[in-house]
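Here's the letter readout for the chains.
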Amino acid sequence: MNGPAFFMRHAGYRLLPASFHSDDPVNDADMLFGLSLPLHTGNTLRLSSCWMVVTPQWVATSFKTLPEAGFRHDLSRPEAIRLALKSGGPCLLLALGKRTMAARDLFVTYDPRAARLCSEGEVKTFDATQEKTWTS
Amino acid sequence: MDRFVLRACLRTPLIRRGSFTLDALLMAVLETGDVSHLLRCDGDLYFASSGFAVGAVATQKAAFVASMRPEHSPHWLDVLKPNTLNGDLRIGLARQREAGNILNDYSATVAEAIEWYATGHADAVVEALRPVRFIGKRRAAGYGEVERWEVEPGELDGLVGFAGEPLRPVPTERWTEGGDWIPVEAAWKAPYWDVRNRTRCYMPQEG
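Protein chains in written order, with numbering that gives the first Met the number 0: chain A, 0 to 135; chain B, 0 to 206.
None of these hints come from the bench; they were simulated from the model.
Hints may contain errors.
[To be verified] Straight-line distance between alpha carbons at most 30 Å, and here's what the computed BS3-like set of lysine-lysine pairs gives: (1) B/Lys80 x A/Lys85; (2) A/Lys85 x A/Lys123; (3) A/Lys123 x B/Lys188; (4) A/Lys63 x A/Lys123; (5) A/Lys97 x A/Lys123; (6) A/Lys97 x A/Lys63; (7) B/Lys60 x A/Lys123; (8) B/Lys60 x A/Lys131; (9) A/Lys97 x B/Lys80; (10) A/Lys85 x A/Lys63; (11) A/Lys85 x A/Lys131.
Keep in mind that this is a model prediction, so the values were computed, not measured.
Based on the provided sequences and hints, a complete structural model is requested.
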């Protein structure tokens with residue numbers, strides 16, 4: 000499974016209105032990143048200026064999503080990343096700035112030795128097992 | 000089809016992006032999406048390795064500045080015009096600030112040669128590549144100049160190395176060699192730029 004398919008299956012389709020769903024997760028992901036989404040504050044905002052950790056079991060984010068999305072807001076970013084990488088399963092680590100993200104920027108992390116932090120137009124690969132906090 | 004080693008002896012440093020597989024190089028040179036008449040291909044997976052640097056002595060930074068002008072593409076003007084006030088198509092100050100000098104950083108490898116391992120028709124492959132004088136990125140700036148192409152019989156099939164390691168991106172479900180290799184998401188078949196061709200792969204540490 001590629002990054003856009005993983006992202007849309009576990010997080011994106013909970014945010015993208017059903018009328019925009021197609022059979023192609025790549026197009027759907029690009030569509031989602033260009034849409035204004037409703038926040039729990041009552042405002043709307045493009046999916047930007049936030050972080051998101053997506054796993055098959057849970058999604059944690061700083062984006063103020065509606066409660067219906069079922070995302071976790073109780074974790075800090077380092078905690079969420081560490082929890083996802085320690086789980087041993089695949090995950091997606093997103094650090095979104097103000098620019099619009101694209102589907103091609105989404106890469107799944109399958110192994111903490113090659114963790115991939117995805118931003119707009121840039122993917123940083125690092126060995127999380129070499130981090131000081133890995134064994135703590 | 001036989002196993003062979005293809006070598007591009009370099010005169011100048013080479014800038015590589017991605018896996019730089021031999022099938023991708025041939026497709027670019029021949030301007031086609033299918034080179035199965037030159038290389039062995041099973042189920043879209045070519046028996047052609049990534050390019051490996053031989054005699055690499057250093058890597059160096061190569062930075063280029065692109066001066067971006069804040070102009071509309073001409074073919075967009077008719078689309079934009081109905082949405083403007085009084086047909087004013089000038090770009091605003093905020094958008095103009097996004098243009099200007101854009102710095103692009105690359106990493107160039109200083110090496111004697113680049114080698115590929117593959118299974119296919121060696122003579123036909125080298126004949127197809129013989130006219131190619133430059134490879135990799137920033138060729139017009141002089142990077143990746145090829146001094147000569149060499150080919151010789153090889154032992155590797157283009158997928159698996161001597162230590163049982165992957166020589167190119169191979170989907171993990173098609174990898175039968177075992178080993179503790181790190182799975183990453185990568186494109187494993189052409190077109191390599193297409194996100195839809197990315198999946199969980201084993202791939203070489205270098206390249």
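Hints, one by one, checked against the model:
1. B/Lys80 x A/Lys85: violated (53 Å)
2. A/Lys85 x A/Lys123: holds (19 Å)
3. A/Lys123 x B/Lys188: holds (23 Å)
4. A/Lys63 x A/Lys123: Given that 30 Å is the threshold and the Cα spacing comes to 25 Å, the pair holds.
5. A/Lys97 x A/Lys123: holds (18 Å)
6. A/Lys97 x A/Lys63: OK: lysine 97 of chain A and lysine 63 of chain A at ~15 Å, within 30 Å.
7. B/Lys60 x A/Lys123: holds (18 Å)
8. B/Lys60 x A/Lys131: holds (29 Å)
9. A/Lys97 x B/Lys80: holds (27 Å)
10. A/Lys85 x A/Lys63: The hint holds at about 25 Å.
11. A/Lys85 x A/Lys131: holds (14 Å)
When each numbered hint is compared with the structure, a violation occurs for hint 1 only.
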